[in-house]
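Taken in sequence, the protein lines are chains R and Z.
Start counting the first sequence at 1; every next residue gets the next number (the working numbering).
Start counting the second sequence at 1001; every next residue gets the next number (the working numbering).
Hints are computed from structural coordinates only; laboratory data are not their basis.
Mixed in with the good hints, there may be bad ones.
[Said to hold, decoys possible] Keeping only pairs whose Cα atoms sit at most 35 Å apart, straight-line, the calculated DSBU-like set for lysine-lysine is:
id, chain 1, residue 1, chain 2, residue 2
1, Z, 1190, Z, 1212
2, R, 172, Z, 1113
3, R, 190, R, 172
4, Z, 1361, R, 221
5, Z, 1113, Z, 1242
6, Z, 1361, R, 172
7, R, 172, Z, 1189
8, Z, 1242, Z, 1108
9, Z, 1190, R, 172
10, Z, 1212, Z, 1126
11, Z, 1212, Z, 1242
12, R, 190, Z, 1242
13, Z, 1113, Z, 1126
14, Z, 1108, Z, 1126
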Amino acid sequence: MIAYILRRLMYAVPILIGVNLITFSLFFIVNTPENIARMQLGVKNVTPAAIEKWKINHGYDKPLLFNQNNEGMSAFTDTIFYEKSVRLFVFDFGSSDEGRDISYDIQQRMWPSLAIAIPSLIVGLLVNITLAMLLAFFRNTYIDISGVILGVLLMSISALFYIIGGQYIMSKLWHLVPISGYIEGVDGLKFLILPVVIAVVSGIGSGTRWYRTIFLEEINKDYVRTARAKGLSEINVLFSHVLRNAMIPILTGVVVIIPLLFMGSLLTESFFGIPGLGSYTIDAIHSQDFAVVRAMVFLGSVLYIIGLILTDISYTLVDPRIRLS
Amino acid sequence: MNSIETNLSWWQVQPDVLWTDWLIYALLVVIAIFVNHARQHEHLRAPWRLISHRRLAMSSCIILLSFATVGLLDSIHFREAVEQRSDGSIRYANESVSLFDQIIAPLKNNTEKTYSAPFAVQLYSKENVESADGTMRRDYPRLEFGGAHLGDDPANRSQDIQARILTALWQAALLIVAMTALFALWRGKKCSQSFAQSLRSMWYGHGDIPWKTVIATLAFIIVLISLSLQLATVYHVFGTDKVGQDVFYLTLKSIRTGLVIGTLTTLVMLPFAIMLGIMAGYYRGWVDDVIQYTYTTLSSIPSVLLIVAAVLMIQVLIDNNPDAFSTLQQRADVKLLALCFILGITSWTGLCRLLRGESLKLREADYIQAAQSFGVSNFVIITRHILPNVMHIVLILVVIDFSGLVLAEAVLSYVGVGVDPSMISWGNMINGARLEMAREPIVWWSLMAAFIFMLMLVLTANLFADAVRDAFDPHLRSS
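Generate the whole structure from the sequences, applying the supplied hints.
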């Protein structure tokens, strides 16, 4: 098992190098630091001296890949590539273009993100699986058909409208919960309700539809027919046979996204003013803080790859037919 | 300037084809070739016939086609002639307009000062108004265009609206009856039935095509068009936005942006996805390794973040080269195209993976083994044997991706990495209206218009995609 995990981790290394190269070329070759400096300074203040000063202040004054002035290893280490990109591998994100420490910000901001993302995931899963089981139970009846059509309808509404509509109805019309904001601790619970509810509701359409197809695939298999032939009730068949076997595809879909929960959601967090990593990214986009965006791209890829590895491991844990190879 | 004003005719225009227009025309050519090809092959016609027998699919298809018509009319751009110079040459306007702009010219030109509610005759906010006796007072000023035909007496507005709705319904009813008769005649000719027989079998649903649904959907569209002809020309049916532009005009113009994102993105990514996917599956070995590595790397970057990073970079690139574009419109257009490319780069990996799997299976098939042993070249095998057998996957994914891309446009524009702020799109409409939610009473009409039109487009696209998948490959799993 340990050898398998180690091998999977080894596979991840070239992919991370690839991600790093992509971000590097996007942020430094497509756009030279000079362009970024010009952007940050604004049209009025652009003088060659100001650009140079900005570059020195932010550590962009070095050659991209190879420093001719230095000798030995430092010809490679005293470059932008080494300073800004290679250091990402040890999670040294450096400081943002505004001068703040990115690693510190990330550590501070991941908790609000998790506070929204984890309840959304759990409640969403429960709701979607329950609804999908209901539809599978009533399969090929009008309940099923209208459920499927309703699901398509819910899928077709933009996430923006769920958020705007939810805020309007729950906060402005009914005054149930605050419209946005966040505080830590138990008092902050009332701020979490609305984002979680909206995240769950906006996922019902696609989630239920997806789980329904998984259940229907299982329901037609031989072992289910055998179970029915033995005289088990339909409820019993659904819960103890179909659900257990359908958990395998469901699990793989869920485990992949668990590490990504840290990243939060761009939309939810910016609408509700939650100081998580999602709104951190949005703020960075609006203020064109490329250092932060670069760090988030790298962090996101790392988390995704961890998710893939976890998926493979969980596969082997829940499905004894799969052997590690 | 020594120019003489002459009567310029409406046809004195200079075609102005934007980049996205070229690609849309190319897409039309591709579709035409595909349709022509499919008509000649029974195995390709059969699934489409299956689709045409389903009621929901037919109804969605008709609505999608009407959206596409609007989008196409909006993709024929030209510059209008402004004046004729003394030497006989004609000076053209700087900004180009589309054919659709010309059709809905009243909507485009009837701009008010600021917000006004749907069907309102007065502005939404109070201003200093001069009354007849010369004194100033705070009041809601009268709109310049909304309900202008009512004159100084806007009190009978509701009667006027009722009358107009009735007229519109009458006109629509006449058109619908005429259309139904034409369909019955045409169908009767084809099946050699009398007119009455044909009409009866259409009503009772004999035959395969669900005529009742088709006619009901067309009737729905006709009613909508005639209602907007009667009402939208004299009222702002969806109100006006912050700078006084008609929201109905904005939402109609957004259709093109949505369609461009939904279709061109797929068009630009298809060649890569198909070529790389098939090559990986067919050649295996190091080719497979390289291609797999490429798409695993790309797909391991969360797509939103990759899009954000790429769009930010393109924006900087465009902003630093302002001289490359002669008009704002061209700049916005290039940005839109760049967005399509970026979305394409991030979304080809799924298709590539599926095609790789399918080609891996196909290369072991007997007929391909036979072709290989006859010494047929790899290129011919791929184009003649593998490509036609994976096209159904391509088609299904293209249709499924469409609705997701339309939705993505709105979210990306909200985040600030979508289309150019000067381009009319649903995302920009929502973004602009969102800030007005805090007003009391709230400005809801922009959101409502964007919501209705987006929902119509995405819902019908989803329903149609389901039908396409069921007809071509019901077992294909893709979420």
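Among all the numbered hints in the text so far, which are the ones the structure does not match? Hints 6, 7, 9, 10, 11 contradicted; others consistent.
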